[in-house]
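Visitor: Given next are the chains, with one letter for each unit.
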Amino acid sequence: MEKRVVFRHAWLPYLLLLPQLAITLIFFIWPASQALYQSVLRQDPFGLRTSFVGLENFARLLRDPLYLDSFQVTIVFSIAVTALSMGLALLLAIMADRVIKGATSYKTLLIWPYAVAPAVAGVLWWFIFNPTIGILSYGLSLVGYDWNHALDGGDALTLVIIASAWKQISYNFLFFLAGLQAIPKSLIEAAAIDGAGPGRRFWTIIFPLLSPTTFFLLVVNVVYAFFDTFGVIHATTNGGPGQATTILVYKVFSDGFIGLNLGSSAAQSVVLMLIVIALTVVQFRYVERRVQY
Amino acid sequence: MAEIGFSQVKKRYGGTQVIHGIDMQISDGEFIVIVGPSGCGKSTLLRMVAGLEAISEGEISIGGQVVNDLEPKDRNIALVFQNYALYPHMSVYDNMAYGLKIAKLSRPEIEERVQQAAKMLELAHLLERKPRQLSGGQRQRVAMGRAIVRDPGTFLFDEPLSNLDAKLRVQMRLEIKQLQRSLGTTSLYVTHDQVEAMTLADRLIVMNAGVAEQIDTPMAIYDRPASRFVAGFIGSPAMNFLAGRVGEGGRELRLEQGMPLRSGSLNLGNLAGQPVTVGVRPEHLQVVAEEDAEMHLQVRLVETLGADSLAHGHLVPAEEQPNGTPEDILTLRLPGVARIAEGDRLPLRAAEESLHLFDRESGWRLADV
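Going down the list, the sequences are from chains A and B.
Position one of the first sequence corresponds to residue 45 (the numbering used here), numbered consecutively onward.
Position one of the second sequence corresponds to residue 83 (the numbering used here), numbered consecutively onward.
Heads up, some of the hints might be wrong.
Unchecked claim - Restricting the straight-line Cα-Cα distance to at most 25 Å, the calculated cross-link-like pairs of lysine-lysine (BS3-like) are:
1) B:K201 to B:K183
2) B:K212 to A:K229
3) B:K259 to B:K249
4) A:K229 to B:K92
5) B:K201 to B:K259
6) B:K186 to B:K201
7) B:K92 to A:K145
8) A:K229 to B:K183
9) A:K145 to A:K229
10) B:K183 to B:K212
11) A:K229 to B:K155
12) B:K201 to B:K212
13) B:K183 to B:K155
14) A:K151 to A:K229
15) B:K186 to B:K212
Stated by the list, open to error - Stretch by stretch, here's where chain B covers chain A in the computed footprint (C-beta under 8 Å, at least three residues):
16) 225 to 231
17) 238 to 249
It is worth saying that the hints were derived from the structure and are not from the lab.
Glycine is no exception: its CB is placed at the ideal position from the N, C-alpha and C atoms.
Make a model of the complete structure from these sequences and hints.
Guide: Shown next, in the form of structure tokens:
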């Protein structure tokens with residue numbers, strides 16, 4: 045049923061929308077258009093002169109092996125973060141859904157990591173994996189693996205993946221748990237009477253019914269992996285060693301604010317924006333079709 | 083095909099006992115209805131048969147085999163849920179075929195069984211639909227179809243009609259009865275609706291607070307209710323209950339309001355002087371001539387239903403007790419459209435053999451007069 049509110053004055057609805065519109069304008073539309081504008085400019089090293097270069101910034105990016113390498117890192121990183129955080133969250137949600145005694149305390153504890161700032165999460169794992177004082181690197185050395193994320197690109201990438209996924213698990217867990225609890229118990233019971241074992245019940249009943257949640261989380265997690273993991277990387281590896289953990293959004297930052305190549309940085313952020321738009325469109329067009337609402 | 087046996091079946095949740103020892107034998111092909119008010123444990127009992135609730139104490143056997151430790155799927159049962167529990171992401175066909183696929187039946191056999199059940203339930207044209215595209219009655223049929231295709235030894239129904247509107251409920255009730263007749267499958271049916279209970283059951287279990295107060299045929303329960311609770315629960319409108327007392331020597335029965343009932347001919351020696359609850363069904367009260375009256379009804383409200391009329395009011399105290407308070411409420415049922423008006427004072431007499439005496443403390447049946 046649709047409920048229409050009738051305002052007494054025509055200007056009132058606009059006034060009520062104004063704060064949100066102002067925020068969107070100042071923090072999204074304005075910087076985004078600045079980025080668009082910057083992406084077709086180039087500045088001299090001292091920032092004294094700015095000249096229009098057309099699409100030259102973009103052409104350079106495509107020729108830059110470091111940029112293409114960063115693409116590859118981003119793909120590996122975002123797939124790993126999304127799969128790891130969603131997989132583990134689903135597993136935890138299923139187990140928490142079964143718990144009867146002390147369910148609330150389990151849930152509270154599982155939700156806690158979400159309250160931790162990305163940079164803090166990064167530093168936390170950085171300490172745990174620290175080659176000299178970290179407990180896990182010590183454990184790994186006992187089984188013969190010499191962990192060093194300061195030198196080994198693979199180790200560094202693993203570290204930021206774990207830290208980023210760990211932080212996102214809470215969020216995914218919360219949604220998966222809500223999704224699981226929305227599935228009527230009688231459906232599971234009906235399937236049990238129909239002869240389906242626990243595994244079969246999960247894959248033929250529970251998982252399809254969770255698909256709207258899973259799809260939503262997929263979109264959110266991909267966006268998270270692309271953008272919100274900046275803090276984790278900046279606090280732990282600074283994109284290194286070499287380029288091993290420089291994902292696209294980190295490269296935007298380091299080229300723009302460390303390298304002061306504002307034109308290239310702006311061009312990268314435009315590319316990044318296009319990628320995320322494209323990804324979201326693809327997800328909604330193709331993945332959503334398989335979602336059972 | 084399956085007989086079901088209950089032997090001292092009990093259920094406890096933590097310290098609270100919700101089912102207090104059920105004993106019963108159900109023979110093959112019987113239609114048993116478990117009826118009782120909300121929270122009486124009837125659904126719990128059914129779910130224990132289905133294997134969805136653990137049995138705290140006692141034994142349930144199906145087809146001669148004790149099933150206490152068997153998984154639901156190994157009990158050869160099918161359960162129709164109150165909310166139907168159809169798989170929302172599957173078509174009607176897949177809903178019905180789900181159990182058969184798991185049982186690893188061949189594709190042609192699944193097809194045949196589903197088509198046959200669909201034909202029986204008039205679902206053949208709906209097989210490709212999703213449950214959300216169906217009406218309540220159609221969903222109900224799909225739920226039945228899912229039970230039928232598996233050809234189980236026992237059907238269990240958990241208030242299957244309570245989500246339907248009144249008209250559809252009557253129709254589905256008939257269909258369930260016919261279906262059970264033609265399939266001859268042992269059925270256990272839970273409901274809180276006493277009309278469903280009376281019409282469907284070969285035998286009824288009337289439950290109250292975890293106790294099976296009476297297990298018998300619907301008519302036996304109607305004619306000889308074992309307790310005041312059963313008497314009040316079965317029959318609509320509900321039985322009237324009046325406070326009474328058996329006279330010294332057991333020769334007479336008197337209402338506490340003063341009126342003598344059935345004087346002279348009684349033989350209730352063992353109950354002499356005992357306070358009782360006298361139960362009489364509204365349809366067993368007759369309007370008689372003034373001199374034959376045993377009691378009088380002061381009419382407050384008349385409900386005309388067409389086929390019959392209900393007069394609600396209270397018992398008029400006997401004249402020799404002018405201080406008696408009119409606290410005993412009374413309902414009278416008369417066939418057809420009765421010429422009664424609010425404010426009338428009707429002389430009444432209870433039909434022969436229609437007074438039920440219950441212990442006023444425990445509520446258990448004492449005698450019929």
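Visitor: Which numbered hints does this structure break?
Guide: The structure breaks none of the hints.
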